[in-house]
Amino acid sequence: MAKTMTKKKGGNGVSLGTLAALVVLCVILAIASPNFLNYNNIMSIFKQCTFNAFVSVGMLLCLITAGIELSVGANAIFCSCLMGMLLQKGITDNGVVMVIVALVAGTAIGLINGLLLTRLHLPHPFVSTLGMKNVLWGAALLVTSSQIVSGFPETTAWFGGSDVGGFPIAFIFVIILYIVMHIFLTKTTLGRSIYCVGGNPEAARLSGINSANVLTFCYTFSGLMAAIAGVYTTGRSGICNGAAAIQPYDTDAIAACIIGGASFMGGKGTMAGTMVGVLIIGVLRNGFTLLSFDTALQNLVLGLVIILAVLMDVTRERMEAKARRMAAANSAK
Amino acid sequence: MKVKKLMAAALVGSMALSLAACGGTTTEDTKGSESADTSTAEAGDGNYNISVILKTTASEYWGYVKAGAEAYGKDHPNVKVEVKGASSETAYDEQLGMIETELSNASNDGFVIAPLQADMVKTKIAGQTKPIAAVDTDIDAPEVFTFVGTGNEAAGKLGGAAAVEAAKAAGWEEIKAIEICGVQGDSTNEARKAGYMAGIEEAGGDFLEEETQYAEATADKAVNCMEAIMQKFPDGIAIICANNDDMAMAAARTGKANPNYANTIYLGFDGIQAACQSILKGELTMSVAQQGYEMGYKSVEAVVQKLDGATDIPDFIDSGADVVTLDNAQERMDTLKGYLA
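Keeping their order, the protein sequence lines are chains V and S.
The numbering of the first sequence is the working numbering, which starts it at 1 and goes up by one.
The numbering of the second sequence is the working numbering, which starts it at 334 and goes up by one.
Pulled out of the complex, with its shape left as it was, chain S reads as follows:
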């Protein structure tokens, strides 16, 4: 990581110097790239270069996926894993450009892609012959040989059902649920919403879809949404679910001051360290946790197995999901700290 930061600083410095010198470095640059090419591993000799393109690397959850993918590389010295990600989970074009660049890089032997927009990525990878695994979000394309993840919808369903059970245990007779959503139109957002809705309704709750609030996946807007919910439903709501942890934590903190929302079940998504802390403090009630680290590790493993000629790799590799509650929050937090250590 430190090496990358130094490289980034060196890049900025060299760019500034080259700008100041008004060009004249073309020859050296070309030589540099040639030497880089010759140092890369060649496919077929058991040494592989795997390019992992995530939705972003600028979030804690994706930090775990990245750590898992890189851990596979550390465990297998013949596999070089390069992890990249867009600057944010809404930087669709940036990720497409990244995928395009990586696909055209001949030194890559296989790819792991977590698509921000699966349909757009499907077009971009059309005709690729090197193995591609989808992670976190599936890509419905023949070029993709497997999907590693839980599926946001399935994980949301798990959380929704758990929230209804928790609401019953908390004494709610009428179990109504409102979701504080992220970015409308984002595929992850829609999948989590569909999962919550299915899980809550199948478990006997009432998901108030028309009351859905949009907070652009940010905590400060989630506070605004929670205040509006309390205005509209002064007698309380059994379940407030949000499609990430920071929105859920902010909503829980806002609702804490209102006695009619003291027993409300606040459900987040991702199970990050801060969410575990919030659960342990008694603010957030629970969080759906997909196993990011396992996703990263298993997706690289699948691509390597494919390159080694395995034919029995399943279409779907379940990386598992869990609901973090007061019972297991401390354990999860310790595990997560270990991943990033």
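Okay, chain V solo, but in the shape it has when bound:
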């Protein structure tokens, strides 16, 4: 399945259309803003992309299985608020303990999402994860008593705020994660099973793949990724705020994956493509800020770029399929 999917793309699964869109976007912004190509600004883009890069990994796995994970953002903010609660209630000011608690909680929430789908047989992950999003939004406010918490220890801020020569440590982690996940998805049995479960559930069943376990793994992993994103955003902004759980982090992640070649129908999507999607959204948002676009214009342009990027890719694939059909017909003659 993975091989079929990567045939239409470059060797690493990046669609040339979306890659071209990223390059064109960068050229336009470099012309429009003299600060865009500044080294510090490029580093800022990496920092700004990191949160979405983490949650998009989990989202991609779920999309490949023909599912969806709408609670990624709320999970991240809940984990952040859980860290805030530990500080606010005076339970601990040990940053390492806070991070561990957040990672365990986020992963457990992902596991619950998976079990709701596979063991309690909720009809579609849209239902369970949408419900979970609201649960986590409320829980994030409850654990912090609807208060903003600040004053996190430096150890907590390390992941979100440290860099090497200006290059953010968290983004180095993102790059390593994406490479490892690329190998995992394309070279391991479990990785290929994920594509198979999403692309052809019947074939997966017949070949003896335990779909329930594969799906549970994907949602649990997505929870872990959300927790890491939560730890990152806490370190980066230095505060936690439960009210942020309603922010559309999930739609940014879905957009990144879809731009990168994933499909709601499942069985498609690559790590490299998702990275390009994450970068397109990050570059766009950075450009908006540099050019001081107002919100109305930001939403309009972002929406159009998402539609155009996917449209370009779908059109190109249709043209290629048509060309293949014509070539096959010609060779049959």
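If you are wondering where the hints come from, they were derived from the structure by calculation, not from laboratory data.
These figures come from a predicted structure and were not determined experimentally.
One or more of the hints may lead you astray.
Heads up, incomplete: computed chain S residues facing chain V, CB under 10 Å, no partners named [stated by the list, open to error]:
| # | residue |
| --- | --- |
| 1 | A391 |
| 2 | W395 |
| 3 | M453 |
| 4 | S520 |
| 5 | E544 |
| 6 | Q546 |
| 7 | D553 |
| 8 | V556 |
| 9 | I562 |
| 10 | M582 |
| 11 | T587 |
Cβ atoms here follow ideal geometry from the backbone N, Cα and C, with glycine treated the same way.
Model the placement of chain S on the given structure of chain V, informed by the hints.
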């Protein structure tokens, strides 16, 4: 609060049970609501039910308004105060639905409303005869007999002027200011922006309106905006004002690493506990604080006075605003902790 949480859990549980049983509880539900109706106070006998509908209850600032309103009820046993709020400050339809429900509840004797969209609420309350007080944000409607608050614009103006003075004291000769805004189109956002602009320019500063950044009222986007500002203005900006404290704190933390932004004045809005802590740590410089607790208390008080027949209630009741700086941050934080205790 604990009782409400238990009730919420009971509601969820009962809903699940009723769904599992596929109906059959109609009679009991009706009886339940009837008994609730008979237990409510009746207007005219000195006992009042006041419904307070806030923008949200899911934020610290609105927690103080809620605490103030409820404190009036505790101080006056004849007044029953019920406080509600939308799930977020952008849940416009949710709040409208809430207002509609409360207005049609015959057991309510008066209302306190903090409108998310004043114009929409104006239509909804048209023709109401029971007293309505606006809190935090005014509603320009004949049904509203008073407005309790400072006005976001007036408070913003106060903060803007204070920031310019602080920038002068910090040695800035060219006092330029950039705002990191919340949600564009939101009336509170626009009022605070207008206030900042007026306060800064009247005090001799230069408000760079075209450089305004929109961060959707969230800290992580405020960090992005601050990074972009530092890219665009590498030599520093005298004032960075944000229209809530979490954005201001995040911006201050981001700017801290840049020596050209070491003397920048970071101005927040709301004066919440975390902002006081940030000021005491030397990150955030100042925050405009509206007196949420007083707003809540005074607005319920005004409605009760109106129900008692008072005719001399002013159209505008000033609940006061203050600028929290290093000098008074500790005192304010202690006061706020006391409100929520």
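For each hint, the structure was consulted:
no. : hint : in the structure
1   : A391 : 5 Å, holds
2   : W395 : 8 Å, holds
3   : M453 : 19 Å, violated
4   : S520 : 14 Å, violated
5   : E544 : 5 Å, holds
6   : Q546 : 6 Å, holds
7   : D553 : 5 Å, holds
8   : V556 : 5 Å, holds
9   : I562 : 8 Å, holds
10  : M582 : 6 Å, holds
11  : T587 : 8 Å, holds
The structure fails hints 3 and 4 (numbered hints given earlier, in ascending order).
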